Amino acid sequence: MTTVVEKIPVFLLAENRLLREALARILNKKSDITVVGAAPYSVAVLEQIAAVSPQVLLLDPYPAVRGEAPLVTVLRNAIPGLKIVMIGMNPDKEFFLQAVREGIAGYMLKDASAVEMAAAVRSVANNQAICPAELCQTLFDCVALQHPAFPTFQSKQHFGLTRREQQLVAMISRGFTNKEIAVSFGLSEQTVKNHVHRLLHKLGASDRLAAVEMCRGNSFLPA
1 MTTVVEKIPV FLLAENRLLR EALARILNKK SDITVVGAAP YSVAVLEQIA AVSPQVLLLD
61 PYPAVRGEAP LVTVLRNAIP GLKIVMIGMN PDKEFFLQAV REGIAGYMLK DASAVEMAAA
121 VRSVANNQAI CPAELCQTLF DCVALQHPAF PTFQSKQHFG LTRREQQLVA MISRGFTNKE
181 IAVSFGLSEQ TVKNHVHRLL HKLGASDRLA AVEMCRGNSF LPA
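Quick note: the sequence shown, position 127, residue 127 per the working numbering, numbers continuous.
Be careful, since some hints might not be right.
Here are the simulated distance ranges between beta carbons [said to hold, decoys possible]:
# : residue 1 : residue 2 : range
1 : ALA210    : ALA78     : 47 to 53 angstroms
2 : ARG198    : GLU94     : 22 to 28 angstroms
3 : THR191    : THR73     : 51 to 57 angstroms
4 : GLU116    : ASN194    : 39 to 45 angstroms
5 : GLU94     : LEU46     : 46 to 52 angstroms
6 : ALA44     : GLN137    : 37 to 43 angstroms
7 : HIS201    : VAL52     : 53 to 59 angstroms
Note that these hints are calculated values from the structure, not bench results.
All values derive from a computational prediction rather than experimental measurement.
Glycine included, every Cβ here is placed at the ideal spot set by N, Cα and C.
Turn these sequences into a full structure, and let the hints guide you.
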């Protein structure tokens, strides 16, 4: 009795025609993967993707259009359950974290091999995320910084700090710049500056160092 292998339907969304054709040839050689469509970016591409119901979509770096919603968000809202893997990427921490926030399932760097690409398709289809080793620490750091570094009740009771302000103090104490904090929180650098200003005002601190020392002095931060 012959066993029928259920194939993973994949759509390739990439500007470069050569890349689309090369990937299609590589993936279609796999017994458990089938490319159901390939196209460059266009106004009609969303309907084209939805029509073939892919399980996985491979997406190369796309041009950001001012004023438009992020493409990953648009795709996931239009096609529930779609697993999106960004391919041909640089190890850019800021772009990587933004892509994770938008809902990607995988992030492949430019030097990924054909074997790694096929493995990524299988993994995300099996509800496993794909992340380059060199960016894992970035993701862990970002998640860790979402939690207050000292007791919420005490900080609110003594200083009236919000949860975001507690996170801010923790990050400042670890030497993060306003730009790095902005990337971690997905905020503009100016918004972070405003948060810092309000934080210093609440604590009655003259600068960032004084704010950290004040919190350490009250046992709200490790010495």
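Going through the hints against the structure:
1. At about 50 angstroms, the CB distance of ALA210 to ALA78 agrees with the hint of 47 to 53 angstroms.
2. Checked against the hint of 22 to 28 angstroms, the pair ARG198 and GLU94 passes, with Cβ atoms roughly 24 angstroms apart.
3. At about 20 angstroms, the CB distance of THR191 to THR73 disagrees with the hint of 51 to 57 angstroms.
4. Against the hinted window of 39 to 45 angstroms, the Cβ-Cβ separation of GLU116 and ASN194 comes to about 42 angstroms, which satisfies the hint.
5. For the pair GLU94 and LEU46, the supplied restraint of 46 to 52 angstroms is violated, since their beta-carbon distance comes to about 26 angstroms.
6. Checked against the hint of 37 to 43 angstroms, the C-beta distance between ALA44 and GLN137 comes to roughly 40 angstroms, which is consistent with it.
7. The given range of 53 to 59 angstroms is respected by HIS201 and VAL52, whose C-beta atoms sit roughly 56 angstroms from each other.
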